[in-house]
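Visitor: Could you put together the complete structure from these sequences and hints?
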Amino acid sequence: MTQHLHLWLIPILPFVGFLLNGMLGRRLPKAVVSTIALAFPLASFAVVARAALIFIQVKPQILPWLINYSDWINAGPLHIQFTLALDQLTILMLSIITGVGFLIHLYSVGYMGHEEGYWRYFSYLNLFLFFMTVLVLAGNFLLMFVGWEGVGLASYLLIGFYLDRDSAANAGKKAFVVNRIGDFGFLVGIFLVLANFHSLDFFAINNIIHSNSGISTATFTAIGLCLIVGACGKSAQIPLYVWLPDAMEGPTPVSALIHAATMVTAGVYMIARTHSIFDRAPIALATIAIIGAATAFFAATVGLVQTDIKRVLAYSTISQLGYMFLACGVMAYSAGVFHLMTHAFFKALLFLGAGSVIHGMSNEQDMRKMGGLRKCLPVTCWTMFAAVLAISGIPPFAGFFSKDAILAEAFQAGSLGKILYFVGLATAGLTSFYMFRLWYLTFLGESRSEDHDHHPHESPWSMLLPLVILAILSVCGGWIGYGRFSHLLSPVIGSDIVSPTEASSGSLELILSIVAVAVAALGWFVAHLLYFKPNDRAQKLATSARGIYSLLLHKYWIDELYHAIFVAPLKFISQYILGWIGEGVLIRGSAWVLAGIASLTGELLRRWQSGNLRSYSGWLVAGAAALLLFAAIYANHLGIWIHFDPSKVLPISINPNAAGH
Amino acid sequence: MDNIILSLILVTPLIGALLIALLPDRRTLSAGVALVFALLTFAFTLHLPAHFDNAKLGFQFVQDIPWIASPNIHYHVGVDGLSLWLIVLTGLLAPIGVLASWNTIKDRPKVFYSLFLVQQTAMLGVFVSLDLMLYYGFWELSLLPMAILIAMYGRTLSENGGPNASLRFFLYTFIPSAPLLVAILWLYAKTHSFDFVALQDAISNGTFPAGALLWASLAFLIAFAVKVPVLGLHGWLPDVFQEAPIAGAMVVAGKLGLYSLIRFHVGLFPQQAVKAAPWMIALGAIGVIYGALQALVQKDFWKLLAYGTISSLSFCTLGIYGATLSGLDGAVYQTLNEGIIGAALFVLLGVLYDRASTSQISQYGGFATRTPMLATIFVIASLAMIGLPMLNGFIGEFLVLSSTFTGTSQAWAITATVGVILSAAYMLTLVQRVFYGQQSNLAIAHAPRDLDLREKFILYPLVTLMLIMGVFPNLFLTGIESGLRQTSGGLAYRAVSLCARPGATCGVQATFPVRGGQQ
Numbered sequence: 001m002t003q004h005l006h007l008w009l010i011p012i013l014p015f016v017g018f019l020l021n022g023m024l025g026r027r028l029p030k031a032v033v034s035t036i037a038l039a040f041p042l043a044s045f046a047v048v049a050r051a052a053l054i055f056i057q058v059k060p061q062i063l064p065w066l067i068n069y070s071d072w073i074n075a076g077p078l079h080i081q082f083t084l085a086l087d088q089l090t091i092l093m094l095s096i097i098t099g100v101g102f103l104i105h106l107y108s109v110g111y112m113g114h115e116e117g118y119w120r121y122f123s124y125l126n127l128f129l130f131f132m133t134v135l136v137l138a139g140n141f142l143l144m145f146v147g148w149e150g151v152g153l154a155s156y157l158l159i160g161f162y163l164d165r166d167s168a169a170n171a172g173k174k175a176f177v178v179n180r181i182g183d184f185g186f187l188v189g190i191f192l193v194l195a196n197f198h199s200l201d202f203f204a205i206n207n208i209i210h211s212n213s214g215i216s217t218a219t220f221t222a223i224g225l226c227l228i229v230g231a232c233g234k235s236a237q238i239p240l241y242v243w244l245p246d247a248m249e250g251p252t253p254v255s256a257l258i259h260a261a262t263m264v265t266a267g268v269y270m271i272a273r274t275h276s277i278f279d280r281a282p283i284a285l286a287t288i289a290i291i292g293a294a295t296a297f298f299a300a301t302v303g304l305v306q307t308d309i310k311r312v313l314a315y316s317t318i319s320q321l322g323y324m325f326l327a328c329g330v331m332a333y334s335a336g337v338f339h340l341m342t343h344a345f346f347k348a349l350l351f352l353g354a355g356s357v358i359h360g361m362s363n364e365q366d367m368r369k370m371g372g373l374r375k376c377l378p379v380t381c382w383t384m385f386a387a388v389l390a391i392s393g394i395p396p397f398a399g400f401f402s403k404d405a406i407l408a409e410a411f412q413a414g415s416l417g418k419i420l421y422f423v424g425l426a427t428a429g430l431t432s433f434y435m436f437r438l439w440y441l442t443f444l445g446e447s448r449s450e451d452h453d454h455h456p457h458e459s460p461w462s463m464l465l466p467l468v469i470l471a472i473l474s475v476c477g478g479w480i481g482y483g484r485f486s487h488l489l490s491p492v493i494g495s496d497i498v499s500p501t502e503a504s505s506g507s508l509e510l511i512l513s514i515v516a517v518a519v520a521a522l523g524w525f526v527a528h529l530l531y532f533k534p535n536d537r538a539q540k541l542a543t544s545a546r547g548i549y550s551l552l553l554h555k556y557w558i559d560e561l562y563h564a565i566f567v568a569p570l571k572f573i574s575q576y577i578l579g580w581i582g583e584g585v586l587i588r589g590s591a592w593v594l595a596g597i598a599s600l601t602g603e604l605l606r607r608w609q610s611g612n613l614r615s616y617s618g619w620l621v622a623g624a625a626a627l628l629l630f631a632a633i634y635a636n637h638l639g640i641w642i643h644f645d646p647s648k649v650l651p652i653s654i655n656p657n658a659a660g661h
Numbered sequence: 001m002d003n004i005i006l007s008l009i010l011v012t013p014l015i016g017a018l019l020i021a022l023l024p025d026r027r028t029l030s031a032g033v034a035l036v037f038a039l040l041t042f043a044f045t046l047h048l049p050a051h052f053d054n055a056k057l058g059f060q061f062v063q064d065i066p067w068i069a070s071p072n073i074h075y076h077v078g079v080d081g082l083s084l085w086l087i088v089l090t091g092l093l094a095p096i097g098v099l100a101s102w103n104t105i106k107d108r109p110k111v112f113y114s115l116f117l118v119q120q121t122a123m124l125g126v127f128v129s130l131d132l133m134l135y136y137g138f139w140e141l142s143l144l145p146m147a148i149l150i151a152m153y154g155r156t157l158s159e160n161g162g163p164n165a166s167l168r169f170f171l172y173t174f175i176p177s178a179p180l181l182v183a184i185l186w187l188y189a190k191t192h193s194f195d196f197v198a199l200q201d202a203i204s205n206g207t208f209p210a211g212a213l214l215w216a217s218l219a220f221l222i223a224f225a226v227k228v229p230v231l232g233l234h235g236w237l238p239d240v241f242q243e244a245p246i247a248g249a250m251v252v253a254g255k256l257g258l259y260s261l262i263r264f265h266v267g268l269f270p271q272q273a274v275k276a277a278p279w280m281i282a283l284g285a286i287g288v289i290y291g292a293l294q295a296l297v298q299k300d301f302w303k304l305l306a307y308g309t310i311s312s313l314s315f316c317t318l319g320i321y322g323a324t325l326s327g328l329d330g331a332v333y334q335t336l337n338e339g340i341i342g343a344a345l346f347v348l349l350g351v352l353y354d355r356a357s358t359s360q361i362s363q364y365g366g367f368a369t370r371t372p373m374l375a376t377i378f379v380i381a382s383l384a385m386i387g388l389p390m391l392n393g394f395i396g397e398f399l400v401l402s403s404t405f406t407g408t409s410q411a412w413a414i415t416a417t418v419g420v421i422l423s424a425a426y427m428l429t430l431v432q433r434v435f436y437g438q439q440s441n442l443a444i445a446h447a448p449r450d451l452d453l454r455e456k457f458i459l460y461p462l463v464t465l466m467l468i469m470g471v472f473p474n475l476f477l478t479g480i481e482s483g484l485r486q487t488s489g490g491l492a493y494r495a496v497s498l499c500a501r502p503g504a505t506c507g508v509q510a511t512f513p514v515r516g517g518q519q
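Top line first, the protein sequences correspond to chains A and B.
For what it's worth, full-length UniProt numbering labels the leading residue of the first sequence as 1, then goes sequentially.
For what it's worth, full-length UniProt numbering labels the leading residue of the second sequence as 1, then goes sequentially.
Misleading hints may appear alongside valid ones.
Capping the alpha-carbon separation at 30 Å, the derived lysine-lysine pairs in DSS-like fashion look like this [claimed, not checked]:
#1 299(B) / 106(B)
#2 190(B) / 275(B)
#3 571(A) / 299(B)
#4 571(A) / 555(A)
#5 190(B) / 30(A)
#6 540(A) / 369(A)
Quick caveat, the hints were computed from the structure, so don't treat them as lab data.
Guide: Put into structure tokens, the structure is as follows:
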């Protein structure tokens, strides 16, 4: 039955697209390249939709549907297979990845139309879909790691898409290396799982956990903490978030797909997927919650003052991912995944809208030079307004429901949860402020562009259609999912230790909602005061708190700090301590000593080689005599190995006893 | 066919060498003949995996002919799962080496290609010899042509670059070969046999005094560890990588030493290997990081590759002495990987050097726009080196690291795992400096052309192999593991590695003794 689902098609289809465009794209016309690039993700989406429909009809009791395709690695006790797994969580993730992914492909046709390397762009984008679908379909840790590293690769290639920009190349490398730090943690986590469960299969591990195998809390905590390092890398959380703002060097649709809607949520997905480990590791959970809340707040403060439209969105992404972490940390996995979904809608929309603005403004990203664009870009303006309302948590837009669910769950999760709730609440106010600030600066007021000859233009339909669809999802995605969502996911990621706190009092939730909306409204109000009409209030505020303003503007100097405490010392040690002392003195030195001995010996030998025949023959005789003497004295003693029997060589008979034996 | 195939494999390159020596000294002629014989040898080596029986114990394709009665030397050759793919790899790298040298070797091509083919026979001989004296002959023979090639065909323009590097290579590899010979002769003195299996039995039966045996095993260990090279004995490698002709440099490190470590150190002296293991594990794990850190700060790309190679070869050392089955699998796999990835990177850097005549990384920049194909292949090879899943490097690294973690030492495993971060850092820095960014003056001045047909012909098969070995590792692992599992005529750690663990009960010799992890 499950074989008829053809799950393997979901990743393979985009992979075929990647191969076709990657190998032939250079020689193909743009229309063919875009057809290939769109057709394969769309087909993949169709397979996902079909699988989802079958899944809903069958209502399987045994989860997940596992399909083994073949063995991957057999070595000693290690047996790892290509196993794909389907359950509600996977279906949800796949729908987002292929659905939103397809929309962004469509958008890119317009956005990237004028770029060199059009084919290259689309082949990378399809490659990304391949790895991302592998990541969420994987039935074991190692196959997930394939997708995990693979999306990092696609991200690296796409960030560095503009080959001739040094900043893009730097950003790509930084993304890969920082992600590798996370992968290091993930790998050690995998090793720990292997050492304790003797399996990497998610569902075999779940069975072992549920059968009370006697694995200690310390072990669960250790595994959990290692996996958190991996999740922090991929999902851009403190302290490994530093790559994401730089990743904005890539084309804007890439930021929408990879660095907002899908790849960066992989950490959240991974935690949800392995939640039965985290459920038994309270310290790891608390770590996730604290990291999440701290990141949410920290990134939001940086977002307050940035002037590059994509940079604001980048920090807002980090901040929103922090909310998802917070949700996971209080075991509200379904709330976290719910926010993951709504965030995918509105953040993709925000980035695509920003792309539309940048496209219309001929690659201007500085919001100080925008303004008044609502007249020229009406569709972009109003679809983005929907997204701004959604992310700010204004009801009934999508973000309200998911953020509200997270805050409510946090509030009810013990004393730590209460503290983190207030951090999350403050963040909500900041979010609302900087998002409305972005929207006001971009679309309202008068144009501040210095280039008066150029008139911004609205984007083509292929770019606007995805905006409209995503706007509809940002408006409706929340209340459609509200209530049903945790029910849908509870078989997969309902916490299996404590029953979910859904049955808590309705009045408390109502109060919390009202507070959250009030805080969001406050943020909106402040933004309105400062930016609705041209005034110097924002300027005054910045000068009156110059220290804080500068700190935020320079992103707390974290990049510089990391360079000073990690990169520079490492280079110093490599270059001077290991390079000069290790390589230079020890290794080279010993080689020179060897060489010295050799050349000295050579010199001595040369003295011997006098060219004098008589002296040569003298040495020869002396050597032979010494050898014979040696043999005569020690041969028996050592049992020396030369069994020289002259009788076999010479036709005369010699008494063997006389030969020194 | 089966019983003479190994002799055919050994003789074919020699005939080629002889033919080249007799023919006139013309570049295309010498190279052409070398290519034909290299391809022929490669075709013969492919016979082995095609007819290898994974289920069979002991050596296959065996040929055992008494050669010299006294001392008792046999021409005894054979193949098991351990050597199987290494032979094929060696066969594959020969035509690639010839093609890579096609344009670069302009002076005295006759000498070059003759020596190259002799070197080929010597390396193949090392992998198939089951008689220690025969093995030693091939081992020495593999060093000599290499030393001459490095001295005569040095790559840089500096006057003494080649000879100096050659001297260093010679000193490093020949000096430890002398104790190796003494140790082999000492083993013979007690048993009157050079036969690998006979010696293995004699050693495990306690024929030799333990103290002296430790010294003999050390002589073996050091001779091989230098050739790998293991951290601390690697002083020759950066110079050789910088100077040696590409065809020589791509085969000089790794597989010969690592194979010999497994077969003739761990295989012959299991008890002594256990004593050396903690040191070797430490050197392996530290070597991963040390090599990577050095690669991070190199300004010359040949040296970067040298230190990167030390780093990835250290995974093999770690896997071998971790004494777990999957770790050994990983070590052998990583040896194959290093051969393929190293060859590809050598050819790629050679292409860059050919286009721009410098190995200073800082002079490069912005090549990707001019040479997109070269950039693509370079990135793929770099990713394989970094250990990206679905490419071959990952399988080896993962097997070694996971088995070290679960079966040997968590601390050393974690130490070595840090290598995954550093390898990404140095390889991607290289990629960035060479290919990305603004076009450098160099790129503008030389207007480098993209890969030509010959270069594609070399690189495409290598890249395809990286992918195949990453996705279908069982094609190779099945054979490798069958070789590693054997106790009779094989190389297993015997029961000692179990006995060596405190509180463990000693296994029976007949059962497979390498710790198979906890299952």
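Visitor: Determine for every hint whether it applies to the structure shown.
Guide: Going down the list of hints, with the structure as the test:
1. 299(B) / 106(B): Answer holds: residue 299(B) to residue 106(B) is near 28 Å, not above 30 Å.
2. 190(B) / 275(B): holds (23 Å)
3. 571(A) / 299(B): holds (13 Å)
4. 571(A) / 555(A): holds (24 Å)
5. 190(B) / 30(A): With a Cα-Cα distance of about 76 Å, the restraint between residue 190(B) and residue 30(A) is violated, given a limit of 30 Å.
6. 540(A) / 369(A): It holds: about 19 Å lies between the C-alpha atoms, which stays within 30 Å.
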